[in-house]
Amino acid sequence: MRDLVSGFGYLMKGQRWVARHGRWWGFGMIPALITLVGYAAALVALFFWTDDVIAWATPFADDWSSPWLGIFRGALSILFAAICLFLAIITFTAVTLLVGQPFYESLSEEVDRSEGGAVPESGMSTWAEVWIGLREAIVLLIRVTLWSVLFFALGFIPGVGQTVIPALAFCVTAFFLTEELTSIALLRRGILLKERRRMLRSRRLLSLGFGIPLSVLFLLPLIAVFLMPGAVAGATLLVRDLTGEDEPAPQGETAAGALNGANGGS
Numbered sequence: 001m002r003d004l005v006s007g008f009g010y011l012m013k014g015q016r017w018v019a020r021h022g023r024w025w026g027f028g029m030i031p032a033l034i035t036l037v038g039y040a041a042a043l044v045a046l047f048f049w050t051d052d053v054i055a056w057a058t059p060f061a062d063d064w065s066s067p068w069l070g071i072f073r074g075a076l077s078i079l080f081a082a083i084c085l086f087l088a089i090i091t092f093t094a095v096t097l098l099v100g101q102p103f104y105e106s107l108s109e110e111v112d113r114s115e116g117g118a119v120p121e122s123g124m125s126t127w128a129e130v131w132i133g134l135r136e137a138i139v140l141l142i143r144v145t146l147w148s149v150l151f152f153a154l155g156f157i158p159g160v161g162q163t164v165i166p167a168l169a170f171c172v173t174a175f176f177l178t179e180e181l182t183s184i185a186l187l188r189r190g191i192l193l194k195e196r197r198r199m200l201r202s203r204r205l206l207s208l209g210f211g212i213p214l215s216v217l218f219l220l221p222l223i224a225v226f227l228m229p230g231a232v233a234g235a236t237l238l239v240r241d242l243t244g245e246d247e248p249a250p251q252g253e254t255a256a257g258a259l260n261g262a263n264g265g266s
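The sequence shown begins at 1 in UniProt numbering and counts up one residue at a time.
If you are wondering where the hints come from, they were derived from the structure by calculation, not from laboratory data.
Only true hints are included.
Below 20 Å or equal to it, Euclidean Cα-Cα: the simulated EDC-like pairs (lysine to aspartate or glutamate) are:
(1) K194 - E121
(2) K13 - D241
(3) K194 - D241
(4) K13 - D3
(5) K13 - E115
(6) K13 - E110
(7) K13 - E109
Keep in mind the model is a prediction, meaning the values are calculated, not measured.
Whenever a hint applies, use it, and build me the whole structure from the sequences.
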């Protein structure tokens, strides 16, 4: 439980950090705002088609009598909306981080600098980091899609599908959010996706303590835009705890090593 509270604490510390550094907070909202406009338009259009999608997916229920047809499809509509939000929250973070990658990396470096000590650097060019970020975002999208299909299928289970499954999907969303937001600071430390997952899974409560309240807040309109800079700052502080101030970097494949290996094999 201590890690759960600590995770929430890092989220609050990150917001306080950007509040004290208004210039970083202001610029950090620009890529998030651009992404939000695109996602809002897509979600509005998708939600208008929810009834048609559910009716198409459940033709076997066309002949059901009232009120069972309405209850069944209404519950599935709620689940479908939850899954759409699940996808939007996860991919919103990934897309925003890609759009604002150079800035958010500088913000993360500034947070490390303000905490004292050396500022870790991956030794790669900006374009190399953008390419790795894009590649890992695609992997994340595939994972999220698979989880979404699973949750949608489980949503057909009476009772559990409309209660337990949405709650489980929310926890998965929170973990993915933490994974995405910590990727900037961890990639600067030369730690790739596979090792990042291992590190975060070893401190699941810390990851959920950071990601769950952020997932809740991201459900509110425009909140993600205002919170994104502070979320990146808080994730950097969380990474400093995760890796240890004076401890050697975790063992595993490094980004620079992977890039050199790829170049050597080409």
